[in-house]
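Q: From first to last, the protein sequence lines are chains A and B. Take 1 as the starting number for the first sequence in our numbering and just add one per residue. Take 1 as the starting number for the second sequence in our numbering and just add one per residue.
There could be a bad hint or two in this list.
[To be verified] Quick list of in silico lysine-lysine cross-link-like pairs, BS3-like style, CA-CA up to 27 Å:
| id | chain 1 | residue 1 | chain 2 | residue 2 |
| --- | --- | --- | --- | --- |
| 1 | A | Lys230 | B | Lys28 |
| 2 | A | Lys65 | B | Lys64 |
| 3 | A | Lys28 | A | Lys64 |
| 4 | A | Lys64 | B | Lys28 |
| 5 | B | Lys28 | B | Lys65 |
| 6 | A | Lys230 | B | Lys65 |
| 7 | B | Lys64 | B | Lys28 |
| 8 | A | Lys65 | A | Lys28 |
The hints are simulated quantities; they were obtained by calculation from the structure and are not laboratory data.
Protein chains: 2
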Amino acid sequence: MSGSIRIIGTGPGNLSWCAPGAISALEKSTVIVGYQTYLDQIAELCPQTPRYGNGMRREVERAKKAIAFAREGHQVAVVSGGDAGIYGMAGLVLELLCLDDTAIEVEVLPGITALTAAAALLGAPLMSDFAAISLSDYLVPSETIFRRLRAAALADFAICLYNPTSARRRGIFETACSILIETLGEARPVGLVRAAFRPAQSVQIGLLSELSRMELGMDSIVIVGNSATKIARGRMISSRGYRLTENSANF
Amino acid sequence: MSGSIRIIGTGPGNLSWCAPGAISALEKSTVIVGYQTYLDQIAELCPQTPRYGNGMRREVERAKKAIAFAREGHQVAVVSGGDAGIYGMAGLVLELLCLDDTAIEVEVLPGITALTAAAALLGAPLMSDFAAISLSDYLVPSETIFRRLRAAALADFAICLYNPTSARRRGIFETACSILIETLGEARPVGLVRAAFRPAQSVQIGLLSELSRMELGMDSIVIVGNSATKIARGRMISSRGYRLTENSANF
């Protein structure tokens, strides 16, 4: 039997939010490859299936290992937290397969990505157009990050910040906060979600002026509202512009 | 028992991609409210639970009905296809609740949104920063849409177009194609997915020069690649910039 790779998004890290299609793909696999933290989140699924896990920044090694397993005839599941296609493993595995002449069947399966999980906990901050920007400068120059941030803010997108900070690069987050305040003002609503739908979950809603003092880490997502976002009843709500108080053309 | 509203994203419209948490929230409800097409997609779930469905552009009526049911003491499920927080029902229900003084408990639950479902079928077009833009001018002036499109293209975001066209407003899509070609050139990879993970699914990959001739409808999502997106092995792949052929700092 020839090998295959399924690249699977497991959602926020709580099996209630991992789709049945993802679970059934895991059940079909003969080996599961992933970042160790994500393997731990699905520990109770398919406990008999061998796993290959490793640590942060070893994603190229992980992807190569997945391809090596498939070449041996394995049905490989590569897991990413959230959705594998958003800052996840999908691109890397597909890129490496393009350098490879083996016929390995590959499929990408969607998951609930961090921005939708965070948005749900904050209220409804993404009802209009939005942009997703990673603040990690591991593979992207910080000038590119700041240019995109400024462009998104000036065009009135709501903005989701992935990887807002790590111990190593707090400076990028601080510059990002300054750029956002400079373009949007201090009073723009902002939300911060840590560990969405996991035991350590925390949700904070405040103003842009407070963002640089909020406590955040690798498991955090920041959502900056657009010009139509307000804070009401403890939630961030971006109005899409319905007329709600009249019997108008909306009916 | 006092009433509550759970706003639930049911994913792409195939129950394999609807999270267990969403299904369990539906099972707790005493009435389900939604756009009729989405109610049809979950017809086999909780068949005994009463439903209130209506048609397109009647979302304000739907949201008001949900609140009315909750005021009567119902545990109301409001369903949106995809994720309820992305161009879905979450914002409208929360906005209306803010005009209301009744204490109704409300919760937003995430789903797999159209952009991740489409991206998975196309390959990995969203590995870097991206923007989501709706081409519907129902509530947003077309000038705002075009301004955001141009800003996103110039800042090298991959771009997901929601609601790319309808019979009524083909012109906006054509102008959008012209703006994209003008800023990105004709050779930029683009993907079009219709009815992702549903029986009528279709996936097309091509170049921006071909986009205006692709067949698309209300159930379509368009993803325009960024400068690092190529077409290989029949898929759109956006490189995140890993060095793959050397034993480099990636290991």
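Q: Can you give the numbers of the hints that this structure goes against, from lowest to highest?
A: Hints 1, 2 and 4 are the ones this structure does not satisfy, whereas the remaining hints hold.
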